[in-house]
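The sequence shown maps to residues 1 to 683 in UniProt numbering.
Rather than coming from a laboratory, the hints here were simulated on the basis of the structure. Every value quoted in this text rests on a predicted model; they were computed, and no experiment measured them. One or more hints might be untrue.
Pair by pair, the computed Cβ-Cβ distance ranges are [stated by the list, open to error]:
| # | residue 1 | residue 2 | range |
| --- | --- | --- | --- |
| 1 | V13 | E656 | 40 to 48 angstroms |
| 2 | P523 | G328 | 54 to 62 angstroms |
| 3 | A5 | G206 | 27 to 35 angstroms |
| 4 | D233 | E330 | 21 to 29 angstroms |
Each residue gets a CB set at the ideal place from its N, CA and C atoms; glycine is no exception.
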Amino acid sequence: MAINALDISVVVVYFLAIAAVGMWAIYRANRGNTKGYFLAGRDMPWWAVGASLFASNIGSEHFTGLAGTGVVSGIAYASYEFNAIWVLLLLGWIFLPVYLASGVYTMPEYMKRRFGGKRIRIFLAAISMFGYVFTKISVSLLAGATFIQQVFKWNIYISIFLLLAITALFTIAGGLAAVIYTDTAQCFIMLIGAFTLMVCSLWEIGGWRRLDELYGLSVAVDATDECGMPRTDAWHLFRDPINGDLPWPTIFTGMVITSVWYWCTDQVIVQRTLAAKDLTNGKGGIIMAGWLKLSPMFLIIIPGMISRVLYPDEVGCATPESCKAFCGSESGCSNAAYAKLVVGVLPQGVRGLMLAVMLSALMSSLTSVFNSASTVFTIDLYKMCRNNASEAELMLVGRLFVAVLIAVSVAWVPIVQESQSGVLMDYLQNVQSAMGAPIAAVFVLGVVWRRTNEPGAVAGLAVGVVIGALYFVLTTLVFTAPACGNPDTRPTFFQYFHYLYFAVFSFLLCSIITVIVSLLTDPIPEQNLYRLTFSTRHSPFIRTDLDCSDDEAEQEPQLADIHSAYRAEFGYDSHSGARAQLRKTSHPPPPHSVPDEPQGARRDQHDSTREEEPPKRGNRFIVFVKSFCGETTSGDEEAARLERKRIREVGNDVHEKTVYARIANVNAFLIFCATVFIFSFFH
1 MAINALDISV VVVYFLAIAA VGMWAIYRAN RGNTKGYFLA GRDMPWWAVG ASLFASNIGS
61 EHFTGLAGTG VVSGIAYASY EFNAIWVLLL LGWIFLPVYL ASGVYTMPEY MKRRFGGKRI
121 RIFLAAISMF GYVFTKISVS LLAGATFIQQ VFKWNIYISI FLLLAITALF TIAGGLAAVI
181 YTDTAQCFIM LIGAFTLMVC SLWEIGGWRR LDELYGLSVA VDATDECGMP RTDAWHLFRD
241 PINGDLPWPT IFTGMVITSV WYWCTDQVIV QRTLAAKDLT NGKGGIIMAG WLKLSPMFLI
301 IIPGMISRVL YPDEVGCATP ESCKAFCGSE SGCSNAAYAK LVVGVLPQGV RGLMLAVMLS
361 ALMSSLTSVF NSASTVFTID LYKMCRNNAS EAELMLVGRL FVAVLIAVSV AWVPIVQESQ
421 SGVLMDYLQN VQSAMGAPIA AVFVLGVVWR RTNEPGAVAG LAVGVVIGAL YFVLTTLVFT
481 APACGNPDTR PTFFQYFHYL YFAVFSFLLC SIITVIVSLL TDPIPEQNLY RLTFSTRHSP
541 FIRTDLDCSD DEAEQEPQLA DIHSAYRAEF GYDSHSGARA QLRKTSHPPP PHSVPDEPQG
601 ARRDQHDSTR EEEPPKRGNR FIVFVKSFCG ETTSGDEEAA RLERKRIREV GNDVHEKTVY
661 ARIANVNAFL IFCATVFIFS FFH
């Protein structure tokens, strides 16, 4: 069936609705400074954080790639979704309290504050840019364009261009607030559309029991004993530890490591939680995202398996010639399974809804990456070169950088298209295993072990990145997996050493090097670690950042006086360290109450800033252009400066109300039990 006028009308209505949400968010958001643009003013409620987390994760690569794994592998890749729930809990209960307490905007900024020096911050920012190009943007573009190509029969690069044009608008204009609110709207559209397709697909084949019977019989006409045959272990999550496509030991080792990198250290994900009003709302959003992560197996993978049942000769093609004829790729057509199901099963009008769902998924993932990439580049790289850059300049540079990132990503799309035998998720996870493990190792040690220092972190990260880059080049460009039926001439190591086993090796090697070098070099002084590790997240003392900039150095005498006041107030013993804090009250004062600067005086400063006379209204077009580019008033600049100063001195409060903390803990326990049950049932 072809897309008709009713389907197009549904898509148009969808875009108008999303545009309305985006423009409302742009109008509502504070975009006049970096906190407003990059962190949505840290004012997001839990439901917006949770919906944005889920929508940012479930992009078009999931609908395209994850459904494709259902065609070739069954339910095995659902392990990534259930494993992510465990790691999300680590984010909310271990990592997020530290990030919020430290008051950082980006993950490289946290590394700089934690370890000092510029090397590790630049190193991590550069790796992030690499990851955005070779995984997130390229993969999302290919996945979304593949869907549109199957539906409309358009050229893939025309599809990419049109998708980019509309996606970049809200990112460039509105900042994180617009991204999160459009993500929230798109999250519910995705869930409704995907649920509709799952129900219609199951109805088409006669229900769940029939799927169990028919999947094993879905063999292409050109299949051989080696190619085009469905797996006999399709309904099992645990696969052979040596020859399995997803060895079961890696679910609890390598998969956890790559998930820690993705969920706990990657700017795209963590930035959503940093935008929460407080730690309680951040945890609430994480719990919501965790419950939603139970759904992809049923909403995406199962439809992929149904697509093979209905169209075995097309999505299950076994020869390069037949695959080329159907989807234009000789490596395989499993990535077209979801699009084929949408066009072939859904009635008119509903097809338009599912097209809108796919566009939602693509826009959600791309807007998230665009915003986070511009944040990392602007805050961690550009501002380091232009230390005196104004707020308006930073806003403009962040927007322009998105265009450069897009151009490089589009150029990489053809390589992604032919990698890993055409299985998109395998390419994605292979790259993440190569680059994510060393970053995860350094972050984990930095958060939980105070003895970790800059020389150790740099040494571990450098070794990990070098071997990861070598592994990536060898597996992606040199020793590529052969098409089914062709002889495998790769060295034995690359035939049997799964990429998730490589993640374990890389993580352990980087951790060992980091620990050894840290123990052989000087430790970081205690006063430089307040609110930068899990054990010091509640510290009330003034932190002196390592290698502070010139404007920070000018304030050191004042900070020393404030620090002394805290020591006197809490009976701090300099000979026994921060653990010997003799707190005279059951709860420390909130971080924003600094003894030598009364709250009233600080409030007066902010009030005077807000009462500054607004600029006179001029030509409306000029006013719009200035607002779009992030022009700020002197009051905006001063407010931003005062906010940065406060965060640097005393951080953010991460205390929680007992009742809300208990609700979050109960939900965390329930969702953990739910994943254990699923693993046990589908083992």
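For the hint 54 to 62 angstroms, verify it against the beta carbon of P523 and that of G328.
Taking Cβ atoms as reference, P523 and G328 lie about 57 angstroms apart, which means the hint holds.
Status of the given 21 to 29 angstroms range, CB of E330 versus CB of D233
Since the Cβ atoms of D233 and E330 sit about 27 angstroms apart, the hinted range of 21 to 29 angstroms holds.
In this structure, is the beta-carbon distance linking V13 and E656 contained in 40 to 48 angstroms?
holds, 41 angstroms
Would you say the C-beta atoms of A5 and G206 sit inside 27 to 35 angstroms of each other?
holds, 32 angstroms
Going through the hint list in order, the structure satisfies each hint without exception.
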